[in-house]
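S.K.: The listed protein sequences derive, respectively, from chains A and B. Numbering (numbering that gives the first Met the number 0) for the first sequence: 0 to 483. Numbering (numbering that gives the first Met the number 0) for the second sequence: 0 to 470.
Note that these hints are calculated values from the structure, not bench results. Hints are not guaranteed to be accurate.
[What the hints assert, rightly or not] FRET-style restraints, in silico, Cβ to Cβ:
1) 406(A) to 322(B): 40 to 46 angstroms
2) 76(B) to 15(A): 52 to 58 angstroms
3) 241(B) to 92(A): 43 to 49 angstroms
4) 244(A) to 108(B): 26 to 32 angstroms
5) 76(B) to 94(A): 47 to 53 angstroms
[What the hints assert, rightly or not] Straight-line C-alpha distance at most 35 angstroms; calculated DSBU-like pairs for lysine-lysine:
6) 155(A) to 330(B)
7) 411(B) to 276(B)
8) 368(B) to 210(A)
9) 330(B) to 210(A)
10) 368(B) to 340(B)
11) 135(B) to 349(A)
12) 210(A) to 92(A)
13) 340(B) to 135(B)
14) 210(A) to 283(B)
15) 135(B) to 330(B)
16) 135(B) to 155(A)
17) 210(A) to 322(A)
18) 321(B) to 155(A)
19) 210(A) to 309(A)
20) 330(B) to 340(B)
21) 368(B) to 283(B)
22) 321(B) to 276(B)
23) 346(B) to 368(B)
24) 210(A) to 411(B)
25) 309(A) to 155(A)
26) 276(B) to 368(B)
27) 83(A) to 155(A)
28) 346(B) to 330(B)
[Stated by the list, open to error] Which residues of chain B face chain A? A partial, calculated answer using Cβ under 7 angstroms:
29) 296
30) 358
31) 423
Ideal Cβ placement from N, Cα and C applies to all residues, glycine included.
Below, each chain spelled out in residue letters.
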Amino acid sequence: MLDPAVHAQLAAILPPAALLTTVEETRPYECDGLTMYRELPAAVAIPDNEAQVVEILQRCHAARLPVVARGAGTSLSGGAMPDKRGLLLSMAKFRRIIAVDPLARTAVVQPGVRNLAITEAAAPHGLYYAPDPSSQIACTIGGNVAENAGGVHCLKYGLTVHNVHRVRAVLMTGEVVEFGGDSLDSAGYDLLALMTGSEGLLAVITEITVKLTPRPQTAQVALAAFDDVGAAGAAVAAVIGAGIVPAGLEMMDRKATRAVEEFVHASYPLDAAAVLLVETDGTPEEVAADMAEITRVLGEAGATGIRVSKDERERLLLWSGRKAAFPAIGRITPDYYCMDGTIPRKSLAKVLRRIEELSEQYGLRCANVFHAGDGNLHPLIMYDANVADESQRAEAFGAAILELCIEVGGTITGEHGVGIEKLPQMCVQFRPLELERFLGVKAAFDAHSLLNPGKGVPTLARCAEFGKMHVHHGQLPHPELPRF
Amino acid sequence: MNANADLHLARPDARDVADLVTRLTADYGERALTSRAVRDQHSHGEGLADAGLPDVVVFPHTNEEVAAIVRLCHAARVPVIAFGVGTSLEGHVAALYGGVCIDLSQMNRVLEVNADDLDCRVQAGVLREQLNAELKGTGLFFPIDPGANATIGGMAATRASGTNAVRYGTMRENVLGLTVVTPDGRIVRTGGRARKSSAGYDLTRLFVGAEGTLGVITEIQLRLYGVPEAISAAVCQFGTLEGAVQSVILAMQHGIPVARIELLDDVQMDACIRYSKLEGFEVKPTLFFEFHGSDAGVAEQAAQMQSITAEFGGSAFEWATKPEDRTRLWKARHAAYYAAKAMFAGKEVFATDACVPISRLADCVLETKADADATGLVAPIVGHVGDGNFHLCVLFDPGDPGERARAEGLAKRISLRAIAMGGTCTGEHGVGVHKLEALQAEHGEAVDLMRTIKRALDPHNIMNPGKTVPL
Numbered sequence: 000m001l002d003p004a005v006h007a008q009l010a011a012i013l014p015p016a017a018l019l020t021t022v023e024e025t026r027p028y029e030c031d032g033l034t035m036y037r038e039l040p041a042a043v044a045i046p047d048n049e050a051q052v053v054e055i056l057q058r059c060h061a062a063r064l065p066v067v068a069r070g071a072g073t074s075l076s077g078g079a080m081p082d083k084r085g086l087l088l089s090m091a092k093f094r095r096i097i098a099v100d101p102l103a104r105t106a107v108v109q110p111g112v113r114n115l116a117i118t119e120a121a122a123p124h125g126l127y128y129a130p131d132p133s134s135q136i137a138c139t140i141g142g143n144v145a146e147n148a149g150g151v152h153c154l155k156y157g158l159t160v161h162n163v164h165r166v167r168a169v170l171m172t173g174e175v176v177e178f179g180g181d182s183l184d185s186a187g188y189d190l191l192a193l194m195t196g197s198e199g200l201l202a203v204i205t206e207i208t209v210k211l212t213p214r215p216q217t218a219q220v221a222l223a224a225f226d227d228v229g230a231a232g233a234a235v236a237a238v239i240g241a242g243i244v245p246a247g248l249e250m251m252d253r254k255a256t257r258a259v260e261e262f263v264h265a266s267y268p269l270d271a272a273a274v275l276l277v278e279t280d281g282t283p284e285e286v287a288a289d290m291a292e293i294t295r296v297l298g299e300a301g302a303t304g305i306r307v308s309k310d311e312r313e314r315l316l317l318w319s320g321r322k323a324a325f326p327a328i329g330r331i332t333p334d335y336y337c338m339d340g341t342i343p344r345k346s347l348a349k350v351l352r353r354i355e356e357l358s359e360q361y362g363l364r365c366a367n368v369f370h371a372g373d374g375n376l377h378p379l380i381m382y383d384a385n386v387a388d389e390s391q392r393a394e395a396f397g398a399a400i401l402e403l404c405i406e407v408g409g410t411i412t413g414e415h416g417v418g419i420e421k422l423p424q425m426c427v428q429f430r431p432l433e434l435e436r437f438l439g440v441k442a443a444f445d446a447h448s449l450l451n452p453g454k455g456v457p458t459l460a461r462c463a464e465f466g467k468m469h470v471h472h473g474q475l476p477h478p479e480l481p482r483f
Numbered sequence: 000m001n002a003n004a005d006l007h008l009a010r011p012d013a014r015d016v017a018d019l020v021t022r023l024t025a026d027y028g029e030r031a032l033t034s035r036a037v038r039d040q041h042s043h044g045e046g047l048a049d050a051g052l053p054d055v056v057v058f059p060h061t062n063e064e065v066a067a068i069v070r071l072c073h074a075a076r077v078p079v080i081a082f083g084v085g086t087s088l089e090g091h092v093a094a095l096y097g098g099v100c101i102d103l104s105q106m107n108r109v110l111e112v113n114a115d116d117l118d119c120r121v122q123a124g125v126l127r128e129q130l131n132a133e134l135k136g137t138g139l140f141f142p143i144d145p146g147a148n149a150t151i152g153g154m155a156a157t158r159a160s161g162t163n164a165v166r167y168g169t170m171r172e173n174v175l176g177l178t179v180v181t182p183d184g185r186i187v188r189t190g191g192r193a194r195k196s197s198a199g200y201d202l203t204r205l206f207v208g209a210e211g212t213l214g215v216i217t218e219i220q221l222r223l224y225g226v227p228e229a230i231s232a233a234v235c236q237f238g239t240l241e242g243a244v245q246s247v248i249l250a251m252q253h254g255i256p257v258a259r260i261e262l263l264d265d266v267q268m269d270a271c272i273r274y275s276k277l278e279g280f281e282v283k284p285t286l287f288f289e290f291h292g293s294d295a296g297v298a299e300q301a302a303q304m305q306s307i308t309a310e311f312g313g314s315a316f317e318w319a320t321k322p323e324d325r326t327r328l329w330k331a332r333h334a335a336y337y338a339a340k341a342m343f344a345g346k347e348v349f350a351t352d353a354c355v356p357i358s359r360l361a362d363c364v365l366e367t368k369a370d371a372d373a374t375g376l377v378a379p380i381v382g383h384v385g386d387g388n389f390h391l392c393v394l395f396d397p398g399d400p401g402e403r404a405r406a407e408g409l410a411k412r413i414s415l416r417a418i419a420m421g422g423t424c425t426g427e428h429g430v431g432v433h434k435l436e437a438l439q440a441e442h443g444e445a446v447d448l449m450r451t452i453k454r455a456l457d458p459h460n461i462m463n464p465g466k467t468v469p470l
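All chains, please: the whole structure from these sequences, using the hints.
M.R.: This is how it looks when you write it as structure tokens:
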């Protein structure tokens, strides 16, 4: 229930259709892509201009009301899950592409613009927006910035943080600020990088200038089969070690290829323990030279079969399996839980073997489909939520995988973010010292911790509850820092 | 926001400083120096000098020693200024309020090279050229090249870029993780070896470019690259500055992946020909190119580039494919600052840089050239124009206050012009003390936020006070 006084203030800012308070109206916002966690917000506000956002945040700040910003709700870590005490701020009406500048190769867009819509708008100029998270037909650019989204091609073209020039945002207090600029660099602290991947905890984004990339003249993909997962992992390191930067370097294990093959018939080899998809793009000369080198390296690394796309149709066919991997897994299991750890590439073989062991230990199947070139794993743990204790086992299995990632020097999230899902593992990956820096940054932007509270960065107290932090005589360091 | 008076650090109490110096000299012996010459040498970079000497210069060897020194400074509320080899240009290392200079040059070990993962970990005092020498034989290299043989720590702290940022990015893109000593003397690690992470805020990039105002960087995890199969360099000369700049813009808009493009205007070319004894070149606006890739790729890039430069009146390419010829060429480019300085004996020079979106590069460079000509000063232009970044070396007579004022006015107008065109007052040199005003013009409200962050992470304002984001 929204406090009536605050309700009246918000109703004065927004038309009735843009302020939702009944359960029927707010239900569609109860969760994001991580459907394990649900919560109804006190109200949903759907502003359509920056002035409204400023006023809404000022009112909420004065009333100390939590605010959770939301794009398309495709987040996989619970980042957009509402706070039951607070306001869900939907940015869905910020859908305008304000400008495309083909000479500067930039586009100025509002945060609710879909990732793929930017590429569509840039296409007439031979340009596109490079980061391509799998959900790009639906996910919004505002959400991409908040999560520092990646995708298949980020190995060569970078993450969101490498493809954003400027962000305009509203602080919780209602001040409008701009980070970054239109040129390569910008003076002072790199607040743009701080905003990118901050999961909606620092400010509400209202406008973004993104970098556009010239569409490569041509691209070619090789599908390589391996009879051993370790050999496939070693081949990934060999390709990168040979100085090639593929446009995409993806890996799927046997469970994944079999599920996919039944679904899309991409003619993947069913007997292979693992397959790699290695793509190169550029001018025809570059692609030909790179592909010759790639097939040579893959052959030396022990590939049992290599198929190189001969034309665009075949290239898309070979990719169709990878792109359909998640729905394909969805067809063979009632539920699955997608993980997102990143490890140094050279630990790939070791980590994949350990996941295999964990799969037996927890009695749950696990398919592996992932951005091997960046070492970004997406193990898909298959379970049935209707079977007693399988959900708990899936969660425990997932947590064990993440802790394994940290153990080999990796991170608990490559691109999906922490949200609420990975708060406990944050206490494993970071020491209190580092968490204190995070909390200090948060306090500088949002002193009362009203933006997306309870996500992204665990409080030290919460880590202590998880038993992941040693608290001596009940004394937490820096007692002045906010905790919730 | 409560701006406590004590945040505006005045000089610390002289007795506290004296006690601290005594303690440090006792702890570090010959690695804590107080001679006037050493303190003077540590008070400035290669730019114009600012007032203020450090009270003592300490040469730690380990993270723990740095942390111990910072803890003492923290307890006594004495400023801490990290120092690499002093190649900064905007007064970054000036000890405005005295304090302890931590010279990291003896922390100069390459800690690990992970060839399979294309990364390495180095101590802050490792020099750029030293790192590449140690990487020889691995088939890898570290591409960021600001010209000066700076320390990796200094390059991270100032978010250096350099001649091949157009292809490889700046330090922002190439630092994977850091070890930082916090203002209260604790050791934190940020980032790591994973290629991407969305866990927590991006503290790595917050410290990169913070110019030592948030902590002392002691170790850096860096991204490495495979040495390209083929490298070739070429020189192309133009009848007009505009032709040279327009060629760059068109090449960038076509997405030709040139590894380096450097612009030298006629004045700079004249200086370089004389200083570096370059033969076979005319005193004309000139572009230096370098292409990296496979044999076929390099040939293709060069052919595309040539068809563009020909359109704008560029000469035929003068090629340098042999490593020694390339080295000579880039040495001449890197010596541009010294070449400018050598043009007139007795003149001082200061370098300023700006960076604009590539589509505004011609406007900005040509307006700046006209502006420089109008001042009557000699001010050669040189720049990594592929990324929209260019420099001006302004020569002036230090004994002539009028000339100095004209030089400073010119530098200020360049900053404001770049900002007005959607660019920045500094593409790579940083803010230091010389560009504080420009930072405010560029970021407005966001500077307040930077200040709040500075206060949150360095509440006693002891880390390089008065720089970048002064409280």
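S.K.: All hints, please: hold or fail.
M.R.: Hints versus structure:
no., hint, result
1, 406(A) to 322(B): 40 to 46 angstroms, "holds, 43 angstroms"
2, 76(B) to 15(A): 52 to 58 angstroms, "holds, 57 angstroms"
3, 241(B) to 92(A): 43 to 49 angstroms, "holds, 45 angstroms"
4, 244(A) to 108(B): 26 to 32 angstroms, "holds, 29 angstroms"
5, 76(B) to 94(A): 47 to 53 angstroms, "holds, 52 angstroms"
6, 155(A) to 330(B), "holds, 30 angstroms"
7, 411(B) to 276(B), "holds, 33 angstroms"
8, 368(B) to 210(A), "holds, 29 angstroms"
9, 330(B) to 210(A), "holds, 33 angstroms"
10, 368(B) to 340(B), "holds, 18 angstroms"
11, 135(B) to 349(A), "holds, 29 angstroms"
12, 210(A) to 92(A), "holds, 22 angstroms"
13, 340(B) to 135(B), "holds, 33 angstroms"
14, 210(A) to 283(B), "holds, 34 angstroms"
15, 135(B) to 330(B), "holds, 20 angstroms"
16, 135(B) to 155(A), "holds, 24 angstroms"
17, 210(A) to 322(A), "holds, 24 angstroms"
18, 321(B) to 155(A), "holds, 29 angstroms"
19, 210(A) to 309(A), "holds, 31 angstroms"
20, 330(B) to 340(B), "holds, 16 angstroms"
21, 368(B) to 283(B), "holds, 14 angstroms"
22, 321(B) to 276(B), "holds, 18 angstroms"
23, 346(B) to 368(B), "holds, 20 angstroms"
24, 210(A) to 411(B), "holds, 28 angstroms"
25, 309(A) to 155(A), "holds, 22 angstroms"
26, 276(B) to 368(B), "holds, 25 angstroms"
27, 83(A) to 155(A), "violated, 41 angstroms"
28, 346(B) to 330(B), "holds, 23 angstroms"
29, 296, "holds, 5 angstroms"
30, 358, "holds, 4 angstroms"
31, 423, "holds, 5 angstroms"
Violated hint: 27 only; the structure is consistent with all others.
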